[in-house]
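Asks: Chain residues, written in single-letter form:
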Amino acid sequence: MSTSVTAPPAKSTAPRLRTPGKKRTPGKPKRNVLLTVLMAVMVLYTVVPLIWLIINSTKTQAGLADSNGLWFAHDFALWDNIRDTFTYHDGIFGRWLLNTLLYVVLGAGGATLLAVLGGYALAKFDFPGKRAIFAVVIGAVAVPGTALAVPTFLMFSKMGLTDTPWAVIIPSLVSPFGLYLMWVFAAEAIPTELLEAARMDGASEARTFFQVALPLLAPGIVTVLLFTTVATWNNYFLPLIMLKDPDWYPLTLGLSAWSSQAQTIGGDVIFNLVITGSLLTILPLIAAFLFLQKYWQSGLAAGSVKE
Amino acid sequence: MRRTTSRILRGIALVSTLALGVTACGGSDDDSDTKAVSAGDIQAALDKGGDITVWAWEPTLKTVAADFQKKYPKVKVNLVSERSGDKHYTALSNAISAGKGVPDVAQVEYFALGQYSLTKGLTDLAPYGADKLASKYTPGPWNAVSDGDKVYGLPMDSGPMALFYNKTVFDKYKITVPTTWDEYLDAARKLHKADPKAYIANDLGDAGFTTSLLWQAGSRPYKVDGTKVAVNFDDAGAKKFETVWQKLIDEKLLAPVNGWTDDWYKGLGDGTIATLATGAWMPANFVTGVPNAKGQWRAAAMPAWTAGDKASAENGGSSLAVPALAKNKELAYAFTEYANSGAGVATRVSEGAFPATKAELESASFQSKKFDYFGGQEANKIFAESAANVASDWSYLPFQPYANSIFNDTVGKAYVSTTKLADGLKAWQDASVKYGEEQGFTVEK
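Quick note, the sequences are listed as chains A and B, same order.
Residue numbers for the first sequence follow full-length UniProt numbering, so the first one is 1 and each next one is one higher.
Residue numbers for the second sequence follow full-length UniProt numbering, so the first one is 1 and each next one is one higher.
Chain B with its partners taken away, still in its complex shape:
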């Protein structure tokens, strides 16, 4: 009940603000802002000082902001947090369309960047020197923030996927860790047969998770070229995903629990949800959210779609971007660079964030870090390998937040009724195409 109403509210808020965002920003075209900003200009701005407002919920930014202010005493960073996800984007779109109260720096997840960059809501950071940072990052995140020679944000963290599994449960029922999705399906059957209350995973339809699995399976449903987009779920990769997941659904092998709810945390803790395929940022959430299962869980590489294939994908992850209407862009860029490329990265990694920078991922101290929660496992080795194996040619739709908001009305049906996954994906495709056309995109069919 609460979920439905909140989803409706979210829908209303999102649709109205998206519409506002697109129309309001269409008018304020200014590409004149492309002159290069030298490092000297930025240093001068830092020496002069001023205030910047940062909208971000990433918890480690608190320390980073404090350190930044210590280094540049004349700069005041006003970090506004507490809010994430849809509410954050609603507020950001509202501010952009109203033209007032726009922050200098905003946290924007990779899947939502396109929506803001295409409507010219963000500053191209390449003239500020961001284009020279490409080689510092792993390909997945860098591909997400850049478009040709334009750079719309700096990667803050990344979410190369891994398979987390409850070793205690696996050992109890003598299940081996699956290395392919077919083995995963067998493990799901074996587990549920041994304990009808236990499931291999929870899934009631999650747009972010599904797109990540499609990504890993080699499907490329979205093609984006400026305002020309294409949506097509009819490829070999999508077929692989449909086949395995349809069996999991048909045989009722997935726990009917939504992610991130208290039920979900409970299931992860009591052994009724035995695996979780998600981004490498998950350990921090395990520690605070599932304290009672400490020592039971381990990390492993994602199961492959074809035996021996190492392909991985990203799930989650976000960037810091500078809105086009930001007042103090030099300072905003300086902070973004400090937090996501400079000294801030080490601080954030030490507080549990998962990096997007190659140097940190490859460093010995990072890779040999032992996770108490995972029984002393050096899990970062697995995550770093996954990060290196993420295919970089994936792209999200420029209206992905909207598309994700209608996922449960289309594909979601496959999880709760007799609708087939393939039909659900087709319905999602049609609805996305329709919305894209309404918003003025040229949609190729």
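Just chain A, same shape as in the assembly:
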């Protein structure tokens, strides 16, 4: 998510003293105090909630109530909280984690696959109706998923698919933004001449795609995969209206259900588990960003420089 914003501003090599008046080498911009301050504020803005989350996941329910939010309470209960998070309600948190992984692998993975295939086809092949498809894709990017939720629910209900994992996976397969990104990326990253050369050498279309195009598309694929993974991992509204059975909840819905227990007559108040669960929920996303960062950064820059 917002982790991207906190990426360090260029490489922080030790500042070298320069004699004034000397012509500056291009590519090494002068440090701008205002920008640095702004950046620091942004870093604070994104990091403070994370720190809050880490600190507060070490507290018990009682500790949460009578201690300052930005410092540790007298009781250090992180390990207890993690254990309780995984054992509360017969360990349903683990089940939600697996559900989320399932939705991400099938939903986000499938969405990426479709976006790659579609984007490649739209970028490199000519066929009638291409302009119309372009208009539809651009239009679809503008429609918020929330607006489609109720119609989608009614449609899936007619098909008897609500309250099954398919109701979450199938709509997740559609990613207009991913398709658009892949389309633009494929148009820039794969020289048409290369495809023509492959065809001249007698490679089939499938072989051309897998052996010539796909390696060139890798940075773009990682980028789209990250976008769809984050979108599916964080998806809340779609599962909210599609699913009733808590056994099929993703983490977002499960944690929200735990949180709303505090608003229920006779409900168990477990803010400490909600906070610990939230921390555990974002860890995989942070890991994914850190490991894939170099790929997707190069992906975003593609096409920006004419070679």
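Hints are computed from structural coordinates only; laboratory data are not their basis.
No residue lacks a Cβ here, since even glycine has one placed at the ideal position from N, Cα and C.
Hints should not be assumed to be uniformly reliable.
What the hints assert, rightly or not - Straight-line C-alpha distance at most 25 Å; calculated BS3-like pairs for lysine-lysine:
| id | chain 1 | residue 1 | chain 2 | residue 2 |
| --- | --- | --- | --- | --- |
| 1 | B | 252 | B | 197 |
| 2 | B | 294 | B | 197 |
| 3 | B | 62 | B | 87 |
| 4 | B | 136 | B | 150 |
| 5 | B | 100 | A | 158 |
| 6 | B | 150 | B | 120 |
| 7 | B | 310 | B | 252 |
| 8 | A | 158 | B | 120 |
| 9 | B | 327 | B | 48 |
| 10 | A | 158 | B | 197 |
| 11 | B | 136 | B | 369 |
| 12 | B | 87 | A | 158 |
Unchecked claim - Away from chain A, derived, C-beta distances all over 12 Å, residues of chain B:
| id | residue |
| --- | --- |
| 13 | 49 |
| 14 | 50 |
| 15 | 78 |
| 16 | 87 |
| 17 | 132 |
| 18 | 150 |
| 19 | 173 |
| 20 | 177 |
| 21 | 225 |
| 22 | 266 |
| 23 | 278 |
| 24 | 283 |
| 25 | 284 |
| 26 | 374 |
| 27 | 413 |
Stated by the list, open to error - Here are some chain B residues the structure puts well away from chain A; computed CB gaps all over 12 Å:
| id | residue |
| --- | --- |
| 28 | 55 |
| 29 | 58 |
| 30 | 69 |
| 31 | 86 |
| 32 | 133 |
| 33 | 136 |
| 34 | 171 |
| 35 | 174 |
| 36 | 195 |
| 37 | 223 |
| 38 | 250 |
| 39 | 311 |
| 40 | 346 |
Once you've looked at the hints, dock chain B against the given chain A.
Replies: Chain B alone, transformed into the frame defined by chain A:
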């Protein structure tokens, strides 16, 4: 920020599903289902067995469902919980309008029952024998589930109101427990003067709480007769409420904290929110939500609007109902009856639920129960007396969930701006009337 977005989402979900619910159910009128179902029929269904799905978040139902299955081994109760409030109703309305995936039994709070019974979304349980259970329940809850000779659910719990107060804070500032709302106002002034961080209560505008106070004050804003409804906040009871509450707001004596948030739990724990007027189910939430203030709180009778008046009201409470589209109605009724009238009641009370049945409320063991949390106080005596003093002629609107969802846009303004409470209530009235007319109700003005 998060609150606003979630409120908008909730609004969208609620409005769309309400509209769907009303239209979809208008078509499936079948009043043919009125033939009596004998106890023998129900027993036969229990012997034959089958599956029922129950949508309910009430935590003690877990044990009840397990016991029920032990007693009737051929019956499988599929208890689906985890979700409450608006989300629960959104899911229920969605299922009813889609005609698929409707549960056999659903938990429905009293204020929301009208919405489902009027759109023929619920089974009339009178033919199953529910009409003979009237005398078992206290008048407030029974009045909420029944309409003439029709019974749309069985009361599961009730919320006769009481005043919970932080005795430690009261003792510290030598404040006496208020017996009238005027004394309450004085206590609020005294407390806030002694400690500017402390407030007598939190309130940013809460529809359920306001309607409960109006109920207690003798106001009867809603009149419902089938599809004919009337909304009118211009009566003596409402005036009493407006006078006291306007002073509390004007003098900034209410903590600007929404109920049920982490801030609220924190305030109840650290003494900055000193009282809470709410339903008798609250002790269970105190125990798990405010563990650090154990021993500090006590219960007392609700302050009266006129000295010596004993009138009380309900806040919260819910029923189990059988949707009209339920597949296995005999089993559904059998479970509902077991949980809310039969052996299940004792189980649920022992796990901390607050009963709606007279026998449990009046029993010696219930009344003499000592609450460790309240320093050993026998608080059930206070609650049981309150339950007996609830006026039974209150009714909610058949679209109360919608009305409650727009409360903060109308009356809520009085808490955060210069709008007067009276004007806010008038705006709420107008908006409710308008919505009622749009939904096809005959609204009397």
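Asks: Look at each hint and say if it fits the structure.
Replies: Hints and how they fare:
For the proposed pair residue 252 of chain B and residue 197 of chain B, the alpha carbon gap of about 11 Å is at most 25 Å, so the pair holds. Distance check on the hinted pair: residue 294 of chain B and residue 197 of chain B sit about 21 Å apart at the alpha-carbon level, within 25 Å; holds. This hinted pair checks out: residue 62 of chain B and residue 87 of chain B have alpha carbons roughly 20 Å apart, not beyond 25 Å. Simply put, residue 136 of chain B and residue 150 of chain B have alpha-carbon atoms about 16 Å apart, close enough for the 25 Å limit, and the pair holds.
For the proposed pair residue 100 of chain B and residue 158 of chain A, the alpha carbon gap of about 8 Å is at most 25 Å, so the pair holds. The hinted pair formed by residue 150 of chain B and residue 120 of chain B meets the criterion: a straight-line CA distance of about 12 Å does not exceed 25 Å. As the CA atoms of residue 310 of chain B and residue 252 of chain B are separated by approximately 28 Å, the hinted pair breaks the 25 Å bound. Between residue 158 of chain A and residue 120 of chain B the CA atoms are separated by roughly 22 Å; this keeps the pair inside 25 Å, and the hint holds.
Simply put, residue 327 of chain B and residue 48 of chain B have alpha-carbon atoms about 15 Å apart, close enough for the 25 Å limit, and the pair holds. Distance restraint check for residue 158 of chain A and residue 197 of chain B: the Cα-Cα separation of roughly 55 Å exceeds the 25 Å cut-off, and the hinted pair is therefore not satisfied. In summary, the hint linking residue 136 of chain B to residue 369 of chain B is supported, as the alpha carbons are separated by about 21 Å, within the 25 Å threshold. Restraint check: the Cα-Cα separation between residue 87 of chain B and residue 158 of chain A comes to about 21 Å, which is no more than 25 Å; the hinted pair holds.
Against the 12 Å criterion, residue 49 of chain B stays outside the reach of chain A, whose nearest CB is about 22 Å from its own CB. Distance to chain A confirms residue 50 of chain B as a non-interface residue, since its nearest Cβ pair spans about 19 Å, more than 12 Å. Remark: the non-interface label on residue 78 of chain B conflicts with the geometry, its nearest Cβ contact in chain A lying 9 Å away (cut-off 12 Å). Remark: the non-interface label on residue 87 of chain B conflicts with the geometry, its nearest Cβ contact in chain A lying 7 Å away (cut-off 12 Å).
For residue 132 of chain B, the requirement that its beta carbon stay farther than 12 Å from each beta carbon of chain A is met, with the minimum near 28 Å. Taking the minimum C-beta to C-beta distance to chain A, about 26 Å, the non-interface status of residue 150 of chain B holds against the 12 Å cut. No Cβ of chain A approaches the Cβ of residue 173 of chain B within 12 Å, the least distance being about 20 Å, so the stated non-interface status holds. With a least CB separation of 24 Å from chain A, residue 177 of chain B remains clear of the 12 Å interface cut-off, as annotated.
Taking the minimum C-beta to C-beta distance to chain A, about 30 Å, the non-interface status of residue 225 of chain B holds against the 12 Å cut. Not every C-beta of chain A lies more than 12 Å from that of residue 266 of chain B, the closest at about 5 Å, which undercuts listing it as non-interface. The beta carbon of residue 278 of chain B is not kept farther than 12 Å from every beta carbon of chain A, the shortest such distance being approximately 10 Å. Not every beta carbon of chain A lies more than 12 Å from that of residue 283 of chain B, the smallest distance being close to 9 Å; the non-interface claim is violated.
Its closest Cβ contact with chain A, about 5 Å, brings residue 284 of chain B to no more than 12 Å, contrary to its assignment away from the interface. Against chain A, the non-interface label of residue 374 of chain B holds: every CB pair exceeds 12 Å, the least being about 17 Å. Residue placement check: residue 413 of chain B keeps its beta carbon more than 12 Å from all beta carbons of chain A (closest about 23 Å). Distance check for residue 55 of chain B against chain A: the nearest CB is about 7 Å away, which does not clear 12 Å, and the non-interface claim fails.
Distance check on residue 58 of chain B: its Cβ comes as close as 7 Å (rounded) to a Cβ of chain A, failing to clear the 12 Å threshold; non-interface status is violated. Annotated as non-interface, residue 69 of chain B keeps its C-beta farther than 12 Å from every C-beta of chain A; the closest such distance is 17 Å. Distance check for residue 86 of chain B against chain A: the nearest CB is about 10 Å away, which does not clear 12 Å, and the non-interface claim fails. For residue 133 of chain B, the shortest C-beta to C-beta distance to chain A comes to about 22 Å, beyond the 12 Å cut-off, and the non-interface label holds.
Every CB of chain A is more than 12 Å from the CB of residue 136 of chain B (nearest about 21 Å), matching its label as outside the interface. Separation of residue 171 of chain B from chain A is adequate, the least Cβ-Cβ distance of about 20 Å exceeding the 12 Å criterion. With a least CB separation of 25 Å from chain A, residue 174 of chain B remains clear of the 12 Å interface cut-off, as annotated. The Cβ of residue 195 of chain B sits about 17 Å from the closest Cβ of chain A, beyond the 12 Å cut-off, so the non-interface label holds.
The Cβ of residue 223 of chain B lies farther than 12 Å from every Cβ of chain A, with a closest approach of about 28 Å, so its non-interface assignment holds. At roughly 29 Å from the closest C-beta of chain A, the C-beta of residue 250 of chain B stays outside 12 Å, upholding its exclusion from the interface. Look at residue 311 of chain B: its CB is around 23 Å from the nearest CB on chain A, clear of 12 Å, so calling it non-interface holds up. At the 12 Å boundary, the C-beta of residue 346 of chain B stays outside the reach of chain A, the nearest C-beta of that chain being 16 Å off.
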